[in-house]
Amino acid sequence: MTYSFVVSIARKPGLSDPEGTTTHKALNDLGFAGVTHVAFGRTISVSLDAVSLDAARTQVEAMCEKLLANPVMETYAIEATP
Amino acid sequence: MTYSFVVSIARKPGLSDPEGTTTHKALNDLGFAGVTHVAFGRTISVSLDAVSLDAARTQVEAMCEKLLANPVMETYAIEATP
Amino acid sequence: MTTPRVPDHIRLGMTDDEYQIIVEILGREPLDAELAMYSVMWSEHCSYKSSRTHLARFTSDQPWVVVGPGENAGVVDLGDGWLAALRIESHNHPTYVEPYQGAATGVGGILRDIFTMGARPVALWDPLRFGPLDEPHNRYLFEGAVSGIAGYGNAVGVPTLGGEVEFADRFSKNPLVNVMALGILKREQLVLSAASGEGNLAILLGNATGRDGIGGASILASASFEEGDEEKRPSVQVGDPFEEKKLIEACLELYDRGLVVAIQDLGAAGISCATSEIAGNGGMGMEVDLDKVHLREGDMTPGEILMSESQERMLAVVTPENEADVLAVARKWEIDASTIGVITRGPDLVVYSKGELVCEVPAASLADDAPRYDRPSQRPGYLDEAWAEEPQIPIGLDAGDVLRTLLDDPAIGDRSWIFRQYDHMLFLNTVIAPGHDGSLLRIKGTKKGVAVSTDGDSLRIYLDPRRGSARIVFESALNVAVTGAAPYALVDNLNFGNPEVPGVMWQFIESVEGLAWACEELDVPVVGGNVSFYNQTDGVDIYPSPVVGMLGFCDPMPEHPPRLDRAREDMTVWLVGEDARHDFAASAYDRIINNNLGGRPVDVDGGEARRVIAAAVMLAYETPLLHDISIGGLAVALAEISIISGVGMTIEGVSGRELFDETPLRFIAVTHADRLDTDEPHRRIGTIGGNTLDFGEAGVLSVAEATDIWRNALSGRMAGRSTESTQRSPDA
Amino acid sequence: MTIAVIVYPGTNCEHDIVHALDLAGADSELVWHRDTDLAGADGIVLPGGFAHGDYLRTGAIARFSPIMEAIAQLAHEGVPTIGVCNGFQILCEAGLLPGAFVANRGLKFICAPTHVRVESIDSVLTRGAYIGQVLRLPLNSYEGNYVADDINKIESEGDVTLRYCNAGGSIDVSANPNGSTNSIAAVASTSRNVVGIMPHPERACEEILGSSDGMVLLEGFIASTEMPLS
Ligand SMILES: Nc1ncnc2c1ncn2[C@@H]1O[C@H](COP(=O)(O)OP(=O)(O)O)[C@@H](O)[C@H]1O
Ligand SMILES: [Mg+2]
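Chains as they are written, first to last, in my numbering: chain U, 1 to 82; chain Y, 1001 to 1082; chain B, 2001 to 2732; chain D, 3001 to 3230.
Please keep in mind that the hints were generated in silico from the structure rather than gathered at the bench.
Beta carbons are placed, not taken as given, at the ideal position from N, Cα and C, and that holds for glycine.
Do not take every clue at face value.
Residues from chain B that keep clear of chain D, each with C-beta distances beyond 10 Å, as calculated [claimed, not checked]:
(1) P2132
(2) G2151
(3) V2165
(4) D2289
(5) R2296
(6) D2299
(7) E2510
(8) D2579
Subject to a maximum C-alpha distance of 25 Å in a straight line, what follows is the list of computed BS3-like cross-link-like pairs (lysine-lysine) [claimed, not checked]:
(9) K12(U) to K3108(D)
(10) K2186(B) to K2444(B)
(11) K3108(D) to K25(U)
(12) K2444(B) to K2354(B)
(13) K1025(Y) to K1012(Y)
(14) K2332(B) to K1025(Y)
(15) K3153(D) to K12(U)
(16) K2186(B) to K2332(B)
(17) K1066(Y) to K2444(B)
(18) K1066(Y) to K25(U)
(19) K2447(B) to K2186(B)
(20) K25(U) to K12(U)
(21) K3108(D) to K1066(Y)
(22) K1066(Y) to K1012(Y)
(23) K1025(Y) to K66(U)
(24) K12(U) to K66(U)
(25) K2292(B) to K2332(B)
(26) K2292(B) to K1025(Y)
With the hints as constraints, model all of the structure from the sequences given.
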């Protein structure tokens, strides 16, 4: 069976987020005055063959730990998609 | 009131995704043999002050059209977050 | 009522006559895939059908030319077995659609032209034309294009050593992105794109083939192919510099080990173009099996596979004995490779898909039998009116004030906002970096140096295509000469409007005439070029914008080539060249201060050009600082010296008018000595020192203020005010 | 004595490093990332470039190259190991150095000369320099903005080796080209034999290229391969 997931990766709070900061400023410049916070993140959609949803999720967790996220500066969340 | 949204931005189908392809290969090299597809996307979390949820959403839509997404290459979806 | 179906060839932009030629060649009606192939190969872009007749005007028979126009890149001899390969290309339309990817894929394409010849690409240049930066959308396009060039060039590992830029209204909806590349190789590494050897194999290297590309698209979506495919076909191509980097290294290893017979990059019309050209060039044929092509998406039609313009692909012809080694090299560099065809005695290109014949055409006919047009031309009406608008230049102008305004022009002020984003140091060859007149590279292991300058002058050329075009050749020659390099070879990129407009065709022909004449005067061969027509939006043609890339060569290279940061207290400032001749047509003064575009640029003398350029080359070996005078005239050139060296100067006996005059073929020398060793006319105009640009009666400006204005002209306009988009495509 | 210069797909400064090491009198050898053996290497350089296109995260994929195990082992044994630019990013991803990198403040690639001040001289890279020495070195990166979740520890243990400064040696925001935390330009491991540096010393190895300040660092590194840190 093929299972699909979306991994959402966010910058740890407190670490600098130049994309977020710059976009925040650009939005203000464009006249969106009420914006109070902007943060950038990434998503990685992964589909994989596995024997069960649980087995698939375990694998995706391993991918995140090993490769997809950097624990020094990022947190991640995994969500199964239909 | 402050409202928060997550804008999810995906590359239009058919476009090549070198990051996805390269990461796919890397996952295979790492022993995740069952991976069948990897695709990259971005998220932008935006918080803003507005008079109502609807007004806030309308603004975020305008931000996407004007700045956040690249209509030539990307599609976006807006989701309110608590 | 039913609307009559528009014939396929018309939808593909072909005329009935052109269709008839195809029928004659084949002796039958073309199959869909065949028609799509002819339509792209015979398009203006690929076949040069409107320009070919005129391009014959260029000469390239100098003995140091190894490969002239026609191949993927021109090649010249630098002595002792060293060769240089150079080429220029445009990526104008894709940049308007998506600036980052459009510009990025332009870089990728030009690099493939260089390493196709066996050369390692060592440097890039990027002539640009955009609309005025006070428009947010123009800033968005400009910012995107520059970061696309940076994103691709830096990551692929080829330094970008300069370029040039102009901003004008007519480029708002039709920006120009030209890219020039230089490669260096040893003679034994030279490879050409002519297949030989019946039974040899064609191997496709690099990226998987996807639905990228526009050419032939409409017919591929027609009934005989799958309905609805258009939806899936992206309008943008995404560059992958990483794939290209691996492809470069893999190809260079193939050449080093002598494993390829011929090689060709995949550009417009993808596999169909590359297979037909490589076979046709060698007078051979080829049999191709599309089932062997490695695909990005499984469900592609044969036509889509044939016509796909997926980036970062090469087609190599190899002997069967070497096939295994070639595939092993590909594996080592982690690129995909598949053997898709075999060379036949010809003359046909025969293509199968799932056992079915989809194409059988004489290989050479796609390239060689393209129609040629001698389109009507007529001197456009605007000229008389424009020439009558003589620039008005007051005698008593205040040079300080004028300079304040000119230095704030984004095409005159500091361009480092652009080139700081480009790796311009990789390979440790950059002796003169961007920010000077020409960039100078050393060739390691020799005493040789090569310099390049790219130049254009759209508005002056609009006022006089012939004189204006000749002048950009001389300007680029002088730009390389002040680094010590003598003009050696030239490539040109002819960006024009719609050639079916007689006025545009006239501009084109005049321009070619001017370029060709100037090159002959300097004995510089034109070793390659590119034509970009149909730069027209809403019925408005762009300003005629030929751009040249001049390669200069020196052996030995000066030990201390002149630099703009070498002015020191008490040095003497010289003006070299003939006296100013009141040249203000399309000058910065007239355009920016008077807000006028009129008058006629002065003519230039070939003999004078030769002498001045030779004098600059001579002086470059013994002078700390040389700087050619171009946009903004003497005043801007002097200000640049003061700003970059961080020291003022006192200038005497130069009138305000003369300070802003743009009479060509003049340059500044700054020396320790009180004499200048040259036979060219020269006069002492001042002394370095203090902290002002002191023009005597003509005016004064502090170096600090000049510096501030100059540094912010471009960066200030781009900083924080470019609010349309900040998204970044994958890069660096 | 040989210095191993590691080449990943996408690396592009390997020949420049070899050239500079050669000028400084050291032998070096290119080692492909699929190799697994570094026997006999007296020093290791991870050069700049765009390993694996810098896709996913800069250095993230390179960290899993087959050669990395050998690098980690030698690094633990004390073999002098430096990463320049992308090499620094890889060493961080591999956990051989603390911290990580994000995009430059300003979201622009920067290729320009910068000044750095020497903060410590107990590392294999800075042993030939003096504290407070100002060097002019070219920077060339998009993700040169150093971050760490344990920045205080890095500071208190004296791991910071170089900081961006102005030409006179003072450190302030305007002299920080990319927003790097505490203006950090180079960091050393606790054992001081592994050092990452964001600017390119090899691009400042000859006067004709504008500066030879990088030689102080490369010569110190070469000396370390001959004579261990005391
Ligand atoms: N688009 C660009 N990309 C890179 N460098 C540029 C660009 N435009 C200008 N430059 C650099 O800025 C400097 C000044 O350019 P320019 O005024 O056009 O020179 P010149 O007048 O001597 O031909 C040159 O070194 C040039 O290479
Ligand atoms: Mg010049």
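For each hint, the structure was consulted:
1. P2132: holds, 22 Å
2. G2151: violated, 8 Å
3. V2165: The assertion about V2165(B) holds, with a minimum of 17 Å to chain D.
4. D2289: Holds, since 29 Å exceeds 10 Å.
5. R2296: Check passes; 16 Å lies beyond 10 Å.
6. D2299: holds, 26 Å
7. E2510: Fine: 39 Å to the nearest Cβ keeps E2510(B) off the interface.
8. D2579: holds, 37 Å
9. K12(U) to K3108(D): holds, 22 Å
10. K2186(B) to K2444(B): holds, 13 Å
11. K3108(D) to K25(U): holds, 16 Å
12. K2444(B) to K2354(B): Violated. K2444(B) to K2354(B) sits at ~51 Å, over the 25 Å cutoff.
13. K1025(Y) to K1012(Y): holds, 21 Å
14. K2332(B) to K1025(Y): holds, 15 Å
15. K3153(D) to K12(U): With a Cα-Cα distance of about 18 Å, the restraint between K3153(D) and K12(U) holds, given a limit of 25 Å.
16. K2186(B) to K2332(B): At roughly 24 Å apart (the allowed maximum being 25 Å), K2332(B) and K2186(B) satisfy the hint.
17. K1066(Y) to K2444(B): violated, 49 Å
18. K1066(Y) to K25(U): Between K1066(Y) and K25(U) the Cα gap is close to 14 Å, so the pair holds against 25 Å.
19. K2447(B) to K2186(B): holds, 15 Å
20. K25(U) to K12(U): holds, 20 Å
21. K3108(D) to K1066(Y): holds, 21 Å
22. K1066(Y) to K1012(Y): Distance of about 18 Å is within 25 Å: holds.
23. K1025(Y) to K66(U): Roughly 14 Å between the alpha carbons, so the hint for K1025(Y) and K66(U) holds.
24. K12(U) to K66(U): Holds, at roughly 17 Å.
25. K2292(B) to K2332(B): It holds: about 21 Å lies between the C-alpha atoms, which stays within 25 Å.
26. K2292(B) to K1025(Y): The hint holds at about 21 Å.
Hints 2, 12, 17 from the earlier list are contradicted by this structure; the remaining hints agree with it.
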